[in-house]
Every structure is written in C-alpha cells, then in structure tokens.
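Visitor: The residues making up each chain are set out below.
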Amino acid sequence: MTKNKIRILMGKPGLDGHDHGAKVVVRALMDAGFEVIYTGLRKTPREIAEIASQEHVDVIGLSSMAGSHIPFCEKLKPLLKEYNLEDKLWIIGGNVPKKDHEILKNIGIDAIFPTGSHFDDIVNYIKNRYRQLA
Amino acid sequence: MTEKKIFNESGIEVKELYTEADVEQSGGVSMVGLPGEYPFTRGIHREMYRKRPWTMRQYTGFANAKDTNERFHYLIENGQTGLNVAFDLPTQTGLDTDDPRAEGEVGRVGMAVDTLRDFEIAFDGIDLEKITVSLTINGSAAILIAMYLVMAEKRGYDVAKLRGTAQNDILKEFIGRGTWIFPVEPSIKLVGDTIEYCAKYAPKYSPVSVCGYHIRESGATPEQEMAYAFCIAKAYADDMLKRGLHIDEFAGRLSYNFNIFGNLFEQVAKFRAGRSLWAKIIKEEYGAEDPKSMWLRMIAAGGGGGLTIEQPEVNIVRGAYYALISALSGAQTMALCCYDEAYTIPSEYAQRISLRTMQLLMEEMGLCETVDPLAGSYYVETMTNEMRKKMEQTMKEVDEAGGIVKMVSEGIIQSKVSAQAYEMQKDIQSGAFPKVGVNCYKTEEEENEVEFHPYDTRDAEQQIENIKAVKAERDQAEVNRALAQVTADAKAGINVMPALIGAVRAYATVGEITKKLVDVYGYYKEPIRF
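Chains as they are written, first to last, in the working numbering: chain A, 1 to 134; chain B, 135 to 664.
Bear in mind the hints are in silico, worked out from the structure with no lab data behind them. Small disclaimer: the values here were computed from a predicted structure and weren't measured. Careful, some of the hints might be misleading.
As the list claims (entries may be wrong) - Computed list of lysine-lysine pairs in DSSO-like fashion (alpha-carbon distance at most 27 Å, straight line): (1) B:Lys139 <-> B:Lys523; (2) B:Lys560 <-> A:Lys5; (3) B:Lys288 <-> B:Lys334; (4) B:Lys602 <-> A:Lys75; (5) B:Lys649 <-> A:Lys75; (6) B:Lys576 <-> A:Lys98; (7) B:Lys414 <-> B:Lys530; (8) B:Lys185 <-> B:Lys414; (9) A:Lys43 <-> B:Lys649; (10) B:Lys569 <-> A:Lys99; (11) B:Lys138 <-> B:Lys560; (12) B:Lys185 <-> B:Lys295; (13) B:Lys323 <-> B:Lys295; (14) B:Lys659 <-> A:Lys43; (15) B:Lys426 <-> B:Lys338; (16) B:Lys338 <-> B:Lys417; (17) A:Lys98 <-> B:Lys569; (18) B:Lys659 <-> A:Lys75; (19) B:Lys560 <-> A:Lys127; (20) A:Lys43 <-> B:Lys550; (21) B:Lys605 <-> B:Lys649; (22) A:Lys98 <-> B:Lys560; (23) A:Lys5 <-> A:Lys43; (24) A:Lys75 <-> A:Lys99; (25) B:Lys540 <-> A:Lys43; (26) B:Lys376 <-> B:Lys323; (27) A:Lys99 <-> B:Lys576.
Sequences and hints are given; from them, build the entire structure.
Guide: Written out as structure tokens, the structure is:
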C-alpha cells in the first residue's frame, strides 16, 4: 500500500533550529496522504542526499528559515547528481525572499513555497508534478 | 445573549460582560494584593515604572564583533538601556567560524564569536554597570557566560557585583529554537553548573532566563507557555536542591522570557496570573523565605509569532499593541520584534522605530505613572483567576505524565505543541482565526518587500583571519592545559565553570571547548515524533 504513496523527504538544512514550519508542513503532507520522512534538525548537504537516497523518496523538500538556503542548495546540487537523485522533485519552503527565487531556480529547485504558503498549494503542486513525471 | 461562544487561545470562555459576581465565582480577589507584596499579582515592586521604567533591550547582533559593537552604540545613543545579544548559529551550536559545518552561516543571524577577543571588541566602550547585557545563548551558554565574566573582569569590573543575564534555558531549546548540543541530562547539568557558580561568585548575575517565549512560538497556548516554563524552571531548581543549595541562594536570580502576541486581555491576565502562581510555588513548594526568590522577573517581549510577511508595515502597529501589553503586564524588560523582522535582520531604521514605540508609551501615554492599571477590572481579575487555574492544571498534567524532563526527552511536548501549531495554521488558512492582511483585509497591490540586511561573505573570511591571528598569539601550552582541565572536570562530574573560565581566559575557542565537552557528554539525538 505504501508503495503507491508519493514519498517526500522534509529536510532541515544547516544549523537553523526553527522547525515550526517544517513540522507543520510535514503534518499537512501526511494528512494529504503522502509518506513523509522528516530528517530532524541540522543536516549537512550530504546527509540530506544520503537520507533521500536510502529512503527512495520522490520529492526532496527543504525548510529554511535562517537565510543560508543559497549556499546550502549550491552544495546539495552536485550531491544530488552523485546520489542519482537529479530526477527527483526538489522544493524549498520557508523564509526565502523573492530576490532569491531566480537564483534558486537556476540552481535547479523546482518550486519555492515561502512563509505563508497554503498547504493546498503545496499538496496540489506535488500531486500535479508527480503525475507529469510519472 | 450572544449566539456564538467565544474562547480565548488558552481555551477559556470569554463572556460578553463581566461583573463582580464573575470575579467571586472565579476565586475572588484574595490573590490580588498589592504590588511589591506576596503574591505579587500586581507587580514585583511597589512603585514599578514610577521608580524605574522597563529596560529597553532590542535583540541585536550580526556579522562580527566590530559591526555589532557599532550597532550597540547606535542603539544606546538612541536611548536604549540594555543590550540583548544575537549570536550566529555556529556560535550557538558550538562551532568555530572555520569549521566546515559553519560555512555559509558565519555572522548570518547574529554576531560570530570564536574567542574572548570577540567579546572584548563587541563590548568595547560600553559601560557594563549602566548597560546590562543579556546573552541570547543556550547550547554553548556555559562557555559564553564564562567569556562574559572574564571579559568584564579584565575590564576591571568586580564580578561579584556584575549584573547581566544569559538565556541559558536548554530545556526549551529542545522544544523550540533548536540550538542544543549535548544530550538532555548533561545539558541540564551544565545549566546547573552556571547557576551554582553564579550563586557563589557572581550573585548579581542572572544565569538563566527561562523561556516560555519559544514554546509559544512553537505552538503552545499562552497558558501552556507559562505552565511549561514553570515546569522547566522547577527542573533547574530541583537540580540545585540536589546539589545542596537552599532555594533562597539562587531563586532570586532566575528570570523569565515570555511572549506578548495574541489577545491583549488574555496576555495581561497571563502575566498577572503567572506572577502569583510562581510566587506561590516558590514559597509553598520550595519553602523560600526571601521575597526576592518569589519574584517573577521577566522580559515580556518579542511577538515574532504574531508578525506577518504580508503588509510588513502593519507590523509597526502590531508591535505597538504588543508593547502596550508588556507595559500593562508589569514587565521588567521589553524588546520588540521589528516590522521587517519576518524578512531579515532589522535595519537601524526599524530598530529605531521599535525603540520609539516603547519610548512613546513611557513619555506620552502614561504607562509609567500608575502601577498595574488594569487591576480591579472585573474582566481582567476574572481572567487572571481563570488563567492561573489553567496553568496549575497544565502543570499537574505534566507531573502526572512523568515530568517535563521526561516529556521533552521523549519528544512528547514537541509533538503536542507542533500539532497545535498545525491546527492553528489550518485555522489561519481557512480564515477561522482572523489575521489582518493574511486572511482578511488583504491588499491586491504587490507587497512591499523590506530592505534586506546585506550578508557579506567577506565578513566570514575576515573572521577566519581573526581566529588564525588569535591562535598565533595565544600561549598554546596554556590552551592545551586549560582544555585538558575541561575534559578532566567534565569526566569527574564536578562543576565545569572554573575550567571553562580558565579555557576562555587562555583564548581557547568556543569550538575547541565544545569539542572537549562533546567528547565526554556526547551529542543530543533528536526524538522525531508526530
């Protein structure tokens, strides 16, 4: 049964300890029927890639509140290649200002859900994109 | 009759009208008393703000010690009366600037501190007797407290008379905020070491500020915020009693940090209720005799969880109401989240507006003239009684579930408040919980984003140069000896503060010292529970 479920990694990158948003979104994704793997705090880029690979996730989500999302994603990108995760949907949420969206898209992030995004929008985006990819 | 029942966030029904009968029914006025007298519902001092207005202590720190020092001076020139220091995440999690895990994080959310040299620069030119300093530091707090004491002593201050505060509340850090380092038990032990050390050698210093604040930010209701904070403070107090200290030797230096967003009347009632409940606990359960031990000294501040990304300038108005709540609640210290803070490190301009907001209450609105001005309101007195009962009930539930330490260690509190945060977020998204600019009164026009605090990677490079320079100058043999002492004392299970003081004095780095402690205590493993 779980095989058919879309598997999502919710990662907390770097040293940022603000997990209110990440945990709230994890609950929303679980309620929407996804299988969610929450990494807990303070994960390095390699740890995120490793967990994503081990858990066979379809979606790699990051929650960033303390401003280091660009350097983190730059470091994660080559690791996604190394771990054969380049085809996975890569999304980020949190305190990600508009001025950074273009940069993140260029790094390879598929979608950005800044603070205040509605659960429905996140859920629908993942469902639609996953349908397209599948 | 109203058709729909209204409940506040703490789950207490709010009536259309309150009369004397409601006050009586809720428990009467026996706990009200007078300011400066047990049970301190009306304030811990008789004259409150007439004698001394609240301390203004905006949360400040970025890049490095030099830049932060400049901002400190700017704020003091603008009438700020205390400092509240923000540290970057590597400092907060015990990593040096040149640690690979610190890359991209140095100086980003606060000031980078590696050695005593950084503290010497950060507080240069600041009169530490006039301007008290609060260090917002937790996981690495024992090291940073040691650093502050040594810095002050080197500047010629008598540590026995030195005032100041460290946040140093690790139990709440496991619930929210997340800058833990060591497992739960040694973490509590380290907090205990700081309290014990300060009780003996720095008796005017407040080594702990127990934070309901971040528990509230993580999803707790106002009454839970305070109840959980009291449970945490009791855990630290119990550790002290086990060490053989008497409650009156340390309770007077415990302080608190609470949040101020939400319903105005619920908030004011929370603070009035909490003040009397804490006094009662310390007097009746712990047998304190010194009234100072019973004081709920607090910074009632922030309000970050109430501010919005949408229409950021409206946060200036929210901040003003939050400041009003804090002033009506008898806070000792106030700090306001700035209107741009949902986006970035506040600009000088935003911080000045926050300062002016507080000054306006002091100078124009009469908030410092009369003590506890809402006392005697049927509504406020009833709600104060109701909130106190709720908090007592919550504390009882924690005890019955095995105590706060157990609940935090197992992730039970984390899961509970996070589930509540989820429900609240759903209510905000559906519009059931009104939020101006978010789910009602939205503007069609493009939002004004605020001006972003620049992050310059050269600051991190410079900080790495600084750490290299300090390492080249210091007496390495002395550093090795001091670090070995940290290891030995940690292994022996004795108070590590003297060893930490020796290590920072020798210019050992935060990362080097933390590493020694981790070797003995290990790392915290986060319980994941939904």
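Visitor: Regarding the pair lysine 138 of chain B and lysine 560 of chain B, is the alpha-carbon distance no greater than 27 Å?
Guide: Holds, because 20 Å separates the two Cα atoms, which is no more than 27 Å.
Visitor: Sort out whether lysine 560 of chain B lies within 27 Å of lysine 98 of chain A, counting only the CA atoms.
Guide: holds (24 Å)
Visitor: Does the alpha-carbon distance linking lysine 414 of chain B and lysine 530 of chain B stay inside the 27 Å limit?
Guide: holds (15 Å)
Visitor: Verify the proposed pairing of lysine 288 of chain B with lysine 334 of chain B, using a straight-line Cα cut of 27 Å.
Guide: Between lysine 288 of chain B and lysine 334 of chain B the Cα gap is close to 19 Å, so the pair holds against 27 Å.
Visitor: Are the Cα positions of lysine 139 of chain B and lysine 523 of chain B separated by 27 Å at most?
Guide: Measuring from Cα to Cα gives roughly 20 Å; hence the hint holds.
Visitor: Check whether the Cα positions of lysine 98 of chain A and lysine 569 of chain B lie no farther apart than 27 Å.
Guide: Holds, at roughly 22 Å.
Visitor: For the pair supplied as a hint, lysine 338 of chain B and lysine 417 of chain B, is the alpha-carbon distance within the 27 Å limit?
Guide: Within the cut-off at roughly 21 Å; holds.
Visitor: Please work out if lysine 569 of chain B and lysine 99 of chain A have their alpha carbons no farther apart than 27 Å.
Guide: holds (26 Å)
Visitor: Straight-line Cα separation of lysine 376 of chain B and lysine 323 of chain B no greater than 27 Å?
Guide: The given pair, whose Cα atoms are some 11 Å apart, holds under the 27 Å limit.
Visitor: Holds or violated: lysine 43 of chain A and lysine 550 of chain B, Cα atoms, limit 27 Å.
Guide: Given that 27 Å is the threshold and the Cα spacing comes to 24 Å, the pair holds.
Visitor: Quickly compare the C-alpha distance for lysine 659 of chain B and lysine 43 of chain A to 27 Å and report which way the hint goes.
Guide: holds (12 Å)
Visitor: Keeping to a limit of 27 Å between CA atoms, is the pair of lysine 185 of chain B and lysine 295 of chain B held or broken?
Guide: This hinted pair holds, its Cα atoms lying about 21 Å apart.
Checked against the numbered hints given earlier, this structure breaks none of them.
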